[in-house]
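Chemist: Each chain, letter by letter, is given below.
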Amino acid sequence: MTYVRPTFRHPDLPKNKIDFTKKDYEGALSTLCAGCGHDSISGAIIQACFELAIEPHRIAKLSGIGCSSKTPAYFLGNSHGFNSVHGRMPSVATGAYLANRDLVYFGVSGDGDSASIGMGQFVHAIRRNLNMVYLVMNNGCYGLTKGQDSATADNGSKSKAGSTNMFNAIDLVGLGLELGATFVARSFSGDKAQLIPLIKAAIKHPGFALIDVISPCVTFNNNVGSTKSYDYVREHIDATSTVDFVPIMEEITANYEDSKEITLHDGSALQLQKLHQGWNPEDRLSAMTALQNAKEKGEILTGLVYIEPNTNALHDVLQTTKTPLNTLKEDLLCPGIDALEALNESLR
Amino acid sequence: MTKVNDFVVRFANVNGTGSASANSMFAKAIFRMGVPVTPKNIFPSNIQGLPTWYEVRVNEKGYLGRREGIDLMVSVNPQSMLKDVQSVRSGGYFMYDNTKPLHKEYIREDITYLGIPLMGICMEQYTDPRQRQLFKNIIYVGALSALLDIEFAVLEQLLAEQFKGKEKLVAPNVQALQLGVKYVQENFTFPLEIRVERRDLVGKRIMFDGNGACGLGAVFAGATVAAWYPITPSTSVVEKFEKYAKKFRTDKETGEKNFAIVQAEDELAAIGMVIGANWNGARSFTATSGPGVSLMNEFLGLGYFAEIPAVLIDVQRTGPSTGMPTRTQQSDITLAAYASHGDTKHVLLFPSNPKDCFELTADAFDLAERLQTPIIVLTDLDLGMNDHMSEPFEWDESRKYDRGKVYTAEDLENMGRFGRYLDSDGDGIPYRTYPGTHPTKGSYFTRGTSRDEYAVYTEDSAVYVRNMQRLEKKWDTAKDIVPKPHFYQQKNMSPLGVIFFGTSTYSSEEAIDLLREQDVVLDAMQLKAFPFNKDVEQFIEDHEVVFVIEQNRDAQMRSLLINELEINPKKLIRVLNYDGMPITADKIVKEISKNLVTN
Numbered sequence: 001m002t003y004v005r006p007t008f009r010h011p012d013l014p015k016n017k018i019d020f021t022k023k024d025y026e027g028a029l030s031t032l033c034a035g036c037g038h039d040s041i042s043g044a045i046i047q048a049c050f051e052l053a054i055e056p057h058r059i060a061k062l063s064g065i066g067c068s069s070k071t072p073a074y075f076l077g078n079s080h081g082f083n084s085v086h087g088r089m090p091s092v093a094t095g096a097y098l099a100n101r102d103l104v105y106f107g108v109s110g111d112g113d114s115a116s117i118g119m120g121q122f123v124h125a126i127r128r129n130l131n132m133v134y135l136v137m138n139n140g141c142y143g144l145t146k147g148q149d150s151a152t153a154d155n156g157s158k159s160k161a162g163s164t165n166m167f168n169a170i171d172l173v174g175l176g177l178e179l180g181a182t183f184v185a186r187s188f189s190g191d192k193a194q195l196i197p198l199i200k201a202a203i204k205h206p207g208f209a210l211i212d213v214i215s216p217c218v219t220f221n222n223n224v225g226s227t228k229s230y231d232y233v234r235e236h237i238d239a240t241s242t243v244d245f246v247p248i249m250e251e252i253t254a255n256y257e258d259s260k261e262i263t264l265h266d267g268s269a270l271q272l273q274k275l276h277q278g279w280n281p282e283d284r285l286s287a288m289t290a291l292q293n294a295k296e297k298g299e300i301l302t303g304l305v306y307i308e309p310n311t312n313a314l315h316d317v318l319q320t321t322k323t324p325l326n327t328l329k330e331d332l333l334c335p336g337i338d339a340l341e342a343l344n345e346s347l348r
Numbered sequence: 001m002t003k004v005n006d007f008v009v010r011f012a013n014v015n016g017t018g019s020a021s022a023n024s025m026f027a028k029a030i031f032r033m034g035v036p037v038t039p040k041n042i043f044p045s046n047i048q049g050l051p052t053w054y055e056v057r058v059n060e061k062g063y064l065g066r067r068e069g070i071d072l073m074v075s076v077n078p079q080s081m082l083k084d085v086q087s088v089r090s091g092g093y094f095m096y097d098n099t100k101p102l103h104k105e106y107i108r109e110d111i112t113y114l115g116i117p118l119m120g121i122c123m124e125q126y127t128d129p130r131q132r133q134l135f136k137n138i139i140y141v142g143a144l145s146a147l148l149d150i151e152f153a154v155l156e157q158l159l160a161e162q163f164k165g166k167e168k169l170v171a172p173n174v175q176a177l178q179l180g181v182k183y184v185q186e187n188f189t190f191p192l193e194i195r196v197e198r199r200d201l202v203g204k205r206i207m208f209d210g211n212g213a214c215g216l217g218a219v220f221a222g223a224t225v226a227a228w229y230p231i232t233p234s235t236s237v238v239e240k241f242e243k244y245a246k247k248f249r250t251d252k253e254t255g256e257k258n259f260a261i262v263q264a265e266d267e268l269a270a271i272g273m274v275i276g277a278n279w280n281g282a283r284s285f286t287a288t289s290g291p292g293v294s295l296m297n298e299f300l301g302l303g304y305f306a307e308i309p310a311v312l313i314d315v316q317r318t319g320p321s322t323g324m325p326t327r328t329q330q331s332d333i334t335l336a337a338y339a340s341h342g343d344t345k346h347v348l349l350f351p352s353n354p355k356d357c358f359e360l361t362a363d364a365f366d367l368a369e370r371l372q373t374p375i376i377v378l379t380d381l382d383l384g385m386n387d388h389m390s391e392p393f394e395w396d397e398s399r400k401y402d403r404g405k406v407y408t409a410e411d412l413e414n415m416g417r418f419g420r421y422l423d424s425d426g427d428g429i430p431y432r433t434y435p436g437t438h439p440t441k442g443s444y445f446t447r448g449t450s451r452d453e454y455a456v457y458t459e460d461s462a463v464y465v466r467n468m469q470r471l472e473k474k475w476d477t478a479k480d481i482v483p484k485p486h487f488y489q490q491k492n493m494s495p496l497g498v499i500f501f502g503t504s505t506y507s508s509e510e511a512i513d514l515l516r517e518q519d520v521v522l523d524a525m526q527l528k529a530f531p532f533n534k535d536v537e538q539f540i541e542d543h544e545v546v547f548v549i550e551q552n553r554d555a556q557m558r559s560l561l562i563n564e565l566e567i568n569p570k571k572l573i574r575v576l577n578y579d580g581m582p583i584t585a586d587k588i589v590k591e592i593s594k595n596l597v598t599n
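Sequence order for the protein chains is A and B. Reminder that position 329 of the first sequence reads as 329 in the working numbering, one-by-one numbering, no gaps. Reminder that position 286 of the second sequence reads as 286 in the working numbering, one-by-one numbering, no gaps.
Since the hints were derived computationally from the structure, they do not count as laboratory data. Treat the hints with care, as some may be off.
What the hints assert, rightly or not - Quick list of in silico lysine-lysine cross-link-like pairs, DSBU-like style, CA-CA up to 30 Å:
hint, chain 1, residue 1, chain 2, residue 2
1, B, K441, A, K22
2, B, K257, B, K405
3, B, K3, B, K182
4, B, K243, A, K322
5, B, K400, A, K322
6, B, K247, A, K322
7, B, K246, A, K322
8, A, K158, A, K146
9, B, K243, A, K329
10, A, K329, B, K441
11, A, K329, B, K246
12, B, K474, A, K329
13, B, K345, B, K484
14, A, K329, B, K247
15, B, K441, A, K17
16, B, K405, A, K322
17, B, K534, B, K405
18, A, K329, B, K405
19, B, K164, B, K247
20, B, K479, B, K405
21, B, K252, A, K329
22, B, K484, B, K473
23, A, K322, B, K441
24, A, K329, B, K257
Just chain B, same shape as in the assembly:
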């Protein structure tokens, strides 16, 4: 079975050995050849010495979800070799370092072994131990390029770009690639049955990670204050924000910065700083993961009740507790939706690719100030820390930031008594003032305690209830201004519906196509935001059965739909994956098919 542009390669490396840049060069080369590609890091919560994997799915149909079954394993890590041999699909290939012979327990009859003396070549060519280690990675990329028919010139170009400014490093790297190519030419029949053929299927698309896109979105949206506490997998959101803010927002003459970043002492302080900065009229955000959101509950409740904008990017990882810090999940939905004690609810946004990350992060700042409440962008490790093929970023040059309802000194001058929590427009959203606006008007006391329309403390039940009802009205207003769901069909075609969001989107799209090949037609809706608007409700109402695809154990999105829209639970069928690995189309197809049979 020849598989041109349709296979999965997995690299088994030791973390901290420089394999990451070699592996991503491999993926990027295929992308440059116009073929859609999906790389994924499967890495340990560790800095050096433990097994780490890098998986690349090549698929010319453009399916970007993870796929089970490894066609070619590049085994560079003896620690995990037994497991790695076993994970190759029957008929696949196993590339390994044959400097020393392979033990017989690693031998399978149904796969092809490609032995390359990586260490032997390095020992012969290099004297410096660090060079031996680094060039070993480049040599196997060279060997793969010959085996899989990857254009050598593309790799050369990538090296030239990578070492721009350090040109003298290019030649030795090209030479290392050639060592790999040469060994293949002399020892194997090549290319293999699985291989790459140049196509024009990528167009203007880019390869970027979701975290970087969130950081970039915050720069474009005018965030000026970032406060954060390091936590996997969200750390690179603020790192990328810093990178781009430094690049675009530093005065070239004075070195002065039009932004401020503080690494807080913990997540409690990080969100506190964000609340303080937003209260004072700056756009401010933080990024964290589940454990951080747990700590931030207190301030999220304050933000909701005192009505202070905030943007929180939650890059979800596998919980509960410390869970699997370097594995993915969509399991903070309930936590985020109802964070903090008392009657609270929060607006959530669900990006599913880097372009979404960029746009929804930017939108989050507008929504936060329009609604005067925290907005939580729920991404995940898979989206945040892996490169994804994505449509290019777009920005409307005429876009103005929506700073929401804020009275200026002039407004205050020309009006009667200012009431911070008065519902002047009937949409539940009051007007606010920034500190320092007017000498005698517009000041008020912000508090997490109950207060009246003029921000004066009260324990009057009727006033308290009035305020809570206004907050509910504001919630209803939010339904109409948060991003609408995306529908995959103009008109419903089936009694069966499917709902998904975030990184479940890739594999859901593929599963829908696979099921259609089996004559199972599904209408599909991708959720973009919470609260759910009328369209979401209508979609569920219009279908007899709706599958809800998500990556957690407790079907949290399903619960949220049932709870918020008062749906009959029997109507919503859970399709779940929560093993820490990105959900696959196969799994979705299996789950849905199983239910179709029993129904």
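Here chain A stands alone, though its shape is the one from the complex:
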């Protein structure tokens, strides 16, 4: 199948604050199946970056292997991308982030990539609090190899072929909370109104921001009996609150009784309304309780789950220079001949 993207764009396409149009944030045409949830997420990423007015080349996008990990080709075409090896995106992101602390790192992974082959790297990236967005396109199955169950498939969920998954699911959100992730959210590819502000807040968050996005696989896991189908998710979804991202310097308008405003690191804010009872997004314990309660009721809890707005990311912990390491030259890096001579002398 040949894909041809229409080249026509309206001459008056709206521009963002730094004079880029949305087209500047798009990528190549997707080769995923028509209706794939992942494409909606790519769209949300494009929209979020456009609205945040980030220079596209100041973002680095990274991924592992799988359907999800192909998507960085389909958004942010003006950004460098790195489609690495299966389950190893977190280590590549770690190295990239160490080399240059000034870029935005946007990692995309899948449930196989993160919850199975890449579990080791996933949990350690959280521990280290990399300043990055880690978005999981979670469809509960291995799409590229034709629909095998993944480790996030719920116990009892039915596959397209009719078999029932017999193993317990790994909940990446619960895991992230347990491991000390400083921004944890869950969303649904079919809910852009929630996903876009979450992505924006995740980008602004100065530490590790995990967003687990349920993203149904239309080809292999959208059947009756699957707990990751569009219908099932829509019927069982519950939200911690509504989420609005309020850019820096903009006034917050509405203010209801069951609402909460969280000021982010750079001065922008998240406005949350219709808060879940007993849930406080800045309290890890209440987040864990809300998550467990939802699970108990068979509901899929979405929205922001936990945030620690001011946090020390890896570079802060390591006390690295504020200048990106990849820009340092000989004068600061090489100790020079006198130092070497002194060292020689000490070894005699």
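With chain A's structure known, arrange chain B on it following the hints.
Modeler: Below, chain B without anything else, positioned relative to chain A:
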């Protein structure tokens, strides 16, 4: 037979008892007296309680390889005593603790026993058990100094240096030395026939370990990101990198560091971080040993195919599998040369002494960025974890880092479409860009999948083949820029040649001299790098028979030569040692002589 400045002393200790610093003081004292010395740790994969040995070869001819046959055994470990008695050469000496009498099964007629009541003296002098243990080591060093004629003032000076800042520890240590000296003076005829005489044979040379030299080389080469996973025998590479980076690269006012070190969750992650950092324009490296390289195969393949620089220091140990983690070998050659699935090959460098470790590690960063591919520095446990006498480190003050072909924002501004994998210069090496360089030009998608010249995914056979051929062209380019082999002769003198590399060099050099005394002349070539260039090929072509000396069972370097240069296998004769101990000149002489007879 008087053996001045030519003998081997072995210390048999229990690991974790503080013997290491006393033993290295012994070796350093001889070095300070201007006599070449080679110390080697022979230690268990254990922290406390098991036998460990420290062997010091003293040789005024400057041969630094290991030598079989122990002239003096310092036995401080009852666990290994029987084996230790048996390992002394006939006519040698056996120093032991005679606080309790020696059992008769330990008595040999052909060696001299030097009994010193080490425990007795300690019990009498010290009350603290830890002191008793630590000073026991110093007492035997004192006794040895009298027996072997080591200058007491040199030992005093070394103690003063060791306890700089903790001066009050100097006097009790000097006193412990004196206890040993005194016992010898009162009980033995001394010095022994084997002994040390001051010489001026060391010059400006230094004593340092290969791992430390690799770490230091990485600091000088401008490495800013180190990622690693602890594994014997490579751990001290990154530890030394950290030590020197902290010293030389920390802002004195703010405490901010011009480097970052991450201890990864495993070797897969360590090399992944290195690949990520290099992709993003920082010089980055990792250090590991064979088991780690096995795990790193996946990323090494990505680095080769996606063309990302990386520096990997492999401190080889005895394999296969977990093998003998604290013994040496040169057995990762095949693994490293062809790491990962598909058609991959990697540039290898072979340091043979600490100065080489420093220089080749620094060169590795230049080569990695010039060639945009992983560079593997193959050292080994013997080189990495032992102190070696080495020429001092040198650095050219005007040296600039070769960052390779990288387009800047300005370059991109003034050019047409950027093609990440275009062979613009005809040498197979394309141009790259760092992320974040230019708002609309120069971005590309890095991937381990097949792609065209513009980094766009393709399954087109012709495009795939074109790319693989360019990678091969790049490999040919590498042949001319990797370090050339070292030849020991201006002109060939013999139909017989010998090839060696890495830590086999010391003993090979000695063996060549020994064979020459038997009128066997060998032309010699020391390999410094893979891929092999024309010089290597020519050397083999110019000789009828070439011995390949290496420390593994399967003659891996020989196979690599045969495979890459299409050499007739019959021409290359294997000379191998793979018992985990450094190869000796005797072994090489025996193997070569055996072949000369049969040929």
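Chemist: Work down the list of hints and note, for each, if the structure agrees.
Modeler: So, going through the hints one by one against the coordinates:
Restraint check for B:K441 and A:K22: the C-alpha separation of about 17 Å stays at or below 30 Å, so the hint holds. Annotation: proposed proximity of B:K257 to B:K405 holds, straight-line Cα distance about 27 Å (limit 30 Å). As the CA atoms of B:K3 and B:K182 are separated by approximately 24 Å, the hinted pair is consistent with the 30 Å bound. Restraint check for B:K243 and A:K322: the C-alpha separation of about 21 Å stays at or below 30 Å, so the hint holds.
With a C-alpha separation of about 24 Å, the suggested pairing of B:K400 with A:K322 holds against the 30 Å cut-off. In summary, the hint linking B:K247 to A:K322 is supported, as the alpha carbons are separated by about 19 Å, within the 30 Å threshold. For the suggested pair B:K246 and A:K322, the alpha carbons sit about 16 Å apart, so the restraint of at most 30 Å is met. Distance hint between A:K158 and A:K146 is fulfilled; the C-alpha atoms sit about 15 Å from each other, no more than 30 Å.
Of the supplied pair hints, the one linking B:K243 and A:K329 holds, its CA atoms being roughly 20 Å apart against a limit of 30 Å. With a C-alpha separation of about 24 Å, the suggested pairing of A:K329 with B:K441 holds against the 30 Å cut-off. Only pairs whose Cα atoms come within 30 Å are accepted, and A:K329 paired with B:K246 is accepted, the gap being roughly 17 Å. Taking the CA atoms of B:K474 and A:K329, the gap is near 27 Å; set against the 30 Å cutoff, the hint holds.
With a C-alpha separation of about 18 Å, the suggested pairing of B:K345 with B:K484 holds against the 30 Å cut-off. Distance check on the hinted pair: A:K329 and B:K247 sit about 17 Å apart at the alpha-carbon level, within 30 Å; holds. Taking the CA atoms of B:K441 and A:K17, the gap is near 20 Å; set against the 30 Å cutoff, the hint holds. Under the criterion of a C-alpha separation no larger than 30 Å, the hint pairing B:K405 with A:K322 is consistent with the structure, at around 26 Å.
With a CA separation close to 25 Å, the supplied pair B:K534 and B:K405 stays within the 30 Å bound. A distance of roughly 16 Å separates the Cα atoms of A:K329 and B:K405; the hinted pair therefore holds under the 30 Å criterion. Between the alpha carbons of B:K164 and B:K247 the distance comes to roughly 18 Å, so the proposed pair stays at or under 30 Å and holds. Restraint check for B:K479 and B:K405: the C-alpha separation of about 18 Å stays at or below 30 Å, so the hint holds.
Proximity of B:K252 to A:K329 is assessed by CA-CA distance (about 18 Å); at most 30 Å being required, the pair is judged to hold. A distance of roughly 19 Å separates the Cα atoms of B:K484 and B:K473; the hinted pair therefore holds under the 30 Å criterion. Annotation: proposed proximity of A:K322 to B:K441 holds, straight-line Cα distance about 26 Å (limit 30 Å). For the hint linking A:K329 to B:K257, the alpha-carbon distance of about 14 Å falls within 30 Å, and the restraint holds.
Going through the hint list in order, the structure satisfies each hint without exception.
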